[in-house]
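Keeping the supplied structure of chain X fixed, place chain C upon it in accordance with the hints.
2 protein chains.
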Amino acid sequence: MQNRVVAGIDIGGTNSIISFVSSKGEILGEIKLSTVDYDIADDFVDDAASAIVKLCEQRELKLSGIGIGAPNGNYYTGSIEFAPNLKWEGVIPLAELFSNKFDVPVRLTNDANAAAIGEMLFGGAKGMKDFIVITLGTGLGSGIVVNGKVLYGHDGFAGELGHTIVKDSNRLCGCGRLGCLETYASATGIVTTMKKFIAEQESSEDAKRFEDNTVTSHSIYVQASNGNNLAQKAFEYTGEILGKSLANTVALFSPEAIFLFGGLANAGDMIIDPVKRHMEANMLNIFRNKVVVKRSSLDEHQAAVLGAAALIWDILSR
Amino acid sequence: MQNRVVAGIDIGGTNSIISFVSSKGEILGEIKLSTVDYDIADDFVDDAASAIVKLCEQRELKLSGIGIGAPNGNYYTGSIEFAPNLKWEGVIPLAELFSNKFDVPVRLTNDANAAAIGEMLFGGAKGMKDFIVITLGTGLGSGIVVNGKVLYGHDGFAGELGHTIVKDSNRLCGCGRLGCLETYASATGIVTTMKKFIAEQESSEDAKRFEDNTVTSHSIYVQASNGNNLAQKAFEYTGEILGKSLANTVALFSPEAIFLFGGLANAGDMIIDPVKRHMEANMLNIFRNKVVVKRSSLDEHQAAVLGAAALIWDILSR
Numbered sequence: 001m002q003n004r005v006v007a008g009i010d011i012g013g014t015n016s017i018i019s020f021v022s023s024k025g026e027i028l029g030e031i032k033l034s035t036v037d038y039d040i041a042d043d044f045v046d047d048a049a050s051a052i053v054k055l056c057e058q059r060e061l062k063l064s065g066i067g068i069g070a071p072n073g074n075y076y077t078g079s080i081e082f083a084p085n086l087k088w089e090g091v092i093p094l095a096e097l098f099s100n101k102f103d104v105p106v107r108l109t110n111d112a113n114a115a116a117i118g119e120m121l122f123g124g125a126k127g128m129k130d131f132i133v134i135t136l137g138t139g140l141g142s143g144i145v146v147n148g149k150v151l152y153g154h155d156g157f158a159g160e161l162g163h164t165i166v167k168d169s170n171r172l173c174g175c176g177r178l179g180c181l182e183t184y185a186s187a188t189g190i191v192t193t194m195k196k197f198i199a200e201q202e203s204s205e206d207a208k209r210f211e212d213n214t215v216t217s218h219s220i221y222v223q224a225s226n227g228n229n230l231a232q233k234a235f236e237y238t239g240e241i242l243g244k245s246l247a248n249t250v251a252l253f254s255p256e257a258i259f260l261f262g263g264l265a266n267a268g269d270m271i272i273d274p275v276k277r278h279m280e281a282n283m284l285n286i287f288r289n290k291v292v293v294k295r296s297s298l299d300e301h302q303a304a305v306l307g308a309a310a311l312i313w314d315i316l317s318r
Numbered sequence: 001m002q003n004r005v006v007a008g009i010d011i012g013g014t015n016s017i018i019s020f021v022s023s024k025g026e027i028l029g030e031i032k033l034s035t036v037d038y039d040i041a042d043d044f045v046d047d048a049a050s051a052i053v054k055l056c057e058q059r060e061l062k063l064s065g066i067g068i069g070a071p072n073g074n075y076y077t078g079s080i081e082f083a084p085n086l087k088w089e090g091v092i093p094l095a096e097l098f099s100n101k102f103d104v105p106v107r108l109t110n111d112a113n114a115a116a117i118g119e120m121l122f123g124g125a126k127g128m129k130d131f132i133v134i135t136l137g138t139g140l141g142s143g144i145v146v147n148g149k150v151l152y153g154h155d156g157f158a159g160e161l162g163h164t165i166v167k168d169s170n171r172l173c174g175c176g177r178l179g180c181l182e183t184y185a186s187a188t189g190i191v192t193t194m195k196k197f198i199a200e201q202e203s204s205e206d207a208k209r210f211e212d213n214t215v216t217s218h219s220i221y222v223q224a225s226n227g228n229n230l231a232q233k234a235f236e237y238t239g240e241i242l243g244k245s246l247a248n249t250v251a252l253f254s255p256e257a258i259f260l261f262g263g264l265a266n267a268g269d270m271i272i273d274p275v276k277r278h279m280e281a282n283m284l285n286i287f288r289n290k291v292v293v294k295r296s297s298l299d300e301h302q303a304a305v306l307g308a309a310a311l312i313w314d315i316l317s318r
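The listed protein sequences derive, respectively, from chains X and C. At position 131 of the first sequence the residue is numbered 131 (the numbering used here), and the sequence of numbers has no breaks. At position 114 of the second sequence the residue is numbered 114 (the numbering used here), and the sequence of numbers has no breaks.
Just chain X, same shape as in the assembly (with noise of 0.2 Å):
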């Protein structure tokens, strides 16, 4: 008999990943494509759905959908619309080129409401209906399930925590407005923390440690580790201000844990201790001691692909 799966499609900017997956969260097989190398979006689904049909075939796999994680994904109406990061311009319509191909369901989403439906079908959030997935990669990313399913809101746009405004403050975002959440609380808003106070004390003997190096989330975790007071107190200040923010943003949803995913995530204790600090200090008295904070249980290399195909898996589960 044949495996049914579903594939699972990560879109990244430079490139993309075509995983199968199983029910169960196995990988049954996995295809890798240059997104770069495509100028026109049409060309990347013929590329793929070639690939797709070949390998369903080798490995005796029977296709029951096809999930896609993408930047700037909406669920509504099935396309990256105005993604920063892909040469594709405008509004892509990729859920609708690969029902073109296959008589399949196909769904479409943003990189991080797919992370959540990962979790709540194949990780930590098993059998929960109210949580926050939050992903600290270059930018924060929020997928937020309520009662069982992800809040897209009116438009298919709800979730964008890293775009809420956090301080009076001159940190520029991405989106062309000051200070918000992702300025401070992502691998580049702690590369940004740490250059100010290297700047600010940079005749102490741990901004002299960074001398040498480039300033990278990475670096910054290492000397943290290591004993660098400066790289410690970034993480404090970054945690103080996602913690603040987390307090605020379970007041509204309540949720029954709080998940922590991608590059700055990584770093363990040192981000999720002061986090959970800052925010139990913050938050209002019916909550506290209540909302559980930790990291993704789901393999980082693969909870982009498993999350695309979760999309699907959560539907035929229904």
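Any given hint could be a false lead.
You can't tell identical chains apart in this list, so a pair holds if it fits in one copy or across any two.
As the list claims (entries may be wrong) - Here are the computed lysine-lysine pairs in the DSS-like style, where the Cα-Cα straight-line distance is at most 25 Å:
{"no.": "1", "residue 1": "Lys233", "residue 2": "Lys167"}
{"no.": "2", "residue 1": "Lys276", "residue 2": "Lys196"}
{"no.": "3", "residue 1": "Lys149", "residue 2": "Lys294"}
{"no.": "4", "residue 1": "Lys129", "residue 2": "Lys149"}
{"no.": "5", "residue 1": "Lys195", "residue 2": "Lys208"}
{"no.": "6", "residue 1": "Lys126", "residue 2": "Lys149"}
{"no.": "7", "residue 1": "Lys290", "residue 2": "Lys149"}
{"no.": "8", "residue 1": "Lys276", "residue 2": "Lys126"}
{"no.": "9", "residue 1": "Lys24", "residue 2": "Lys62"}
{"no.": "10", "residue 1": "Lys276", "residue 2": "Lys167"}
{"no.": "11", "residue 1": "Lys167", "residue 2": "Lys196"}
Please keep in mind that the hints were generated in silico from the structure rather than gathered at the bench.
Okay, now just chain C, sitting in the frame of chain X:
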């Protein structure tokens, strides 16, 4: 034939109102009880139940359910939990107490959630699935509707927009923390702002025009309407803080509309104009000029009971 009605009960610290509401939102009878006269909730329920039975008999009404809007009401438990403005202390299982008397569905929620369901069934949000109702009274309450249902969250307490912290501030909130939105954007909040402005410019003509008055949200409105710049500035400042907060709220929920309700909303454009202006000025580009902000279309004196009754009519109509 008997008219089918739902008893919509608005529990207030001083008085409670029980209205008999048809499926179309017509009020076919009303009872008033003095909440403050009852030391024990059971006695209140005894008298309320007798009065309901009697009025239904007199007017030939068929009772189809009981909906209750109450301060600190928890939908999941059907209880009033530690309401600071009620004599009844601790946890009061009010829905259960009424269920023991009547063989009809009984539901309870907080005032702002009831207002939101009322707006959806009988007011300006008819046909909408994603919207927010904000009550600007002594405090700031919010009822958030996601995909046609009130957002309750994991433990029934979601939607506490009034208790999101919006400023590093020394304004003490009733919840014990500093800088909550409701310390700025509420009838109480604008009075605090006005007093601060008066103190800062006590020798100005505009400040002196308040000298013989007690400063209330109504007197600020009257002064602002009569051209008092300082009073207008208080509305501008209140609108700025609420507008910025709503821009963040839109980024999370992507609502179709936001309805303002209660004392301060009665100032009409005086408050709504600055709210809209600052919301749009701080809005993430994908949401700009999309979200309607307007006053609730429900009659202020009927909204609470209509909302409470709508809790049940919403269930019966599904």
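Hints and how they fare:
For a Cα distance limit of 25 Å, the shortest separation of lysine 233 from lysine 167 qualifies both inside one copy, at 18 Å, and across copies, at 22 Å. For the identical chains of this complex, lysine 276 and lysine 196 are intra-copy neighbours only, at 24 Å inside a copy versus 35 Å across copies, given an alpha-carbon limit of 25 Å. In this homomeric assembly, lysine 149 and lysine 294 come within 25 Å of each other (Cα to Cα) only inside a single copy, at 20 Å, whereas the closest approach across copies is 28 Å. When the C-alpha separation of lysine 129 and lysine 149 is checked against a cutoff of 25 Å, the pair qualifies both within a copy, at 7 Å, and between copies, at 14 Å.
Taking the shortest Cα distances, lysine 195 and lysine 208 sit within 25 Å of each other inside one copy (12 Å), while across copies they are farther apart (50 Å). For the homomeric pair lysine 126 and lysine 149, the shortest alpha-carbon distances inside one copy (13 Å) and between copies (23 Å) are both at most 25 Å. In the homo-oligomer, the alpha carbons of lysine 290 and lysine 149 lie at most 25 Å apart both inside one protomer (21 Å) and across protomers (24 Å), since each shortest distance falls under that limit. In this homomeric assembly, lysine 276 and lysine 126 come within 25 Å of each other (Cα to Cα) only inside a single copy, at 22 Å, whereas the closest approach across copies is 40 Å.
Within a single copy, lysine 24 and lysine 62 get their C-alpha atoms as close as 15 Å, which meets the 25 Å cut-off; across copies the closest is 51 Å, which misses it. In this assembly of identical chains, the alpha carbons of lysine 276 and lysine 167 lie at most 25 Å apart whether taken from the same copy (20 Å) or from different copies (20 Å). When the C-alpha separation of lysine 167 and lysine 196 is checked against a cutoff of 25 Å, the pair qualifies both within a copy, at 16 Å, and between copies, at 23 Å.
In the structure shown, no violation is registered for any of the earlier numbered hints.
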